[in-house]
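Position in the sequence shown (first residue = 1) + 200 = this note's numbering.
It cannot be assumed that every hint is accurate.
[Claimed, not checked] Just the calculated beta-carbon pair ranges, DEER-fashion: (1) Ile-432 x Lys-382: 22 to 30 angstroms; (2) Gln-359 x Asp-266: 29 to 37 angstroms; (3) Arg-340 x Ala-230: 45 to 53 angstroms; (4) Arg-240 x Gly-304: 41 to 49 angstroms; (5) Leu-331 x Thr-255: 36 to 44 angstroms.
Simulated from the structure, these hints should not be mistaken for laboratory data.
Where a beta carbon is used, it is the ideal one built from N, C-alpha and C, also for glycine.
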Amino acid sequence: MPSKPFIFFDIGHTLVTGAAQSPRRLLGEALRLDEKQTKRVGKLLMTLPCTDPETLSDAIGRILPDHDRKRILRSVREIWEDQILCVREIEPATELIRTLKDHGCSVGLISNIWHPFLEGFRQTCSEVFRLSDFSLFSYRFGKKKPDPSVYETARRAAQEAGADSCWMVGDSYELDIAPARKAGMKGLWILCRPERERELLVEILNGRTPRPEGCVPSLGEVLRFFEKEGMI
Numbered sequence: 201m202p203s204k205p206f207i208f209f210d211i212g213h214t215l216v217t218g219a220a221q222s223p224r225r226l227l228g229e230a231l232r233l234d235e236k237q238t239k240r241v242g243k244l245l246m247t248l249p250c251t252d253p254e255t256l257s258d259a260i261g262r263i264l265p266d267h268d269r270k271r272i273l274r275s276v277r278e279i280w281e282d283q284i285l286c287v288r289e290i291e292p293a294t295e296l297i298r299t300l301k302d303h304g305c306s307v308g309l310i311s312n313i314w315h316p317f318l319e320g321f322r323q324t325c326s327e328v329f330r331l332s333d334f335s336l337f338s339y340r341f342g343k344k345k346p347d348p349s350v351y352e353t354a355r356r357a358a359q360e361a362g363a364d365s366c367w368m369v370g371d372s373y374e375l376d377i378a379p380a381r382k383a384g385m386k387g388l389w390i391l392c393r394p395e396r397e398r399e400l401l402v403e404i405l406n407g408r409t410p411r412p413e414g415c416v417p418s419l420g421e422v423l424r425f426f427e428k429e430g431m432i
């Protein structure tokens, strides 16, 4: 009997929603950073293995020596708490993961994420967190998607598990689908915000950008897609 697929999921905008703005934008506004500083802080947020706001604030202070340390700490603490509380499940995330597991699939999580949002996800989607066979979180791994090593690590995990196929499910073509396919995985694109992807969609339709193996409008269609593919 053939083995079941190993299916990896992005977290933000795929399984859950969060704040209207990204953490780097929130912190950039709070500290009145320019674009270069905002990007630098954003990379730090997502790649520093930090589990408390004090340690993170110290690290930010070192790359922003002209900014007041107390103001940095105050802003980080406020955004940190908000990030834990803002996480909301996108239905039917928990039911989907549970069903895939019940059908013998392996499930993994791959996300550009920092500790407070992961904590909010763990609290909001505790069953998804518990059922996952693999996880790669950027702030622990030290690199962000679309770094090739992220997906190469996931693909190796799927191979070691004996999976007959390996899929990445996510809302971002650039961060989820394209790099996963380059690593030898298949991609299921959740095109939940098509108005933001008009240029990319034209590129795909005109054959200038590779088509993903699958595309669905919402998380609620993922199970049906895999059923039609005969994988569950």
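_If you test the structure against every hint from before, which numbers come out violated?_
2, 3 and 5
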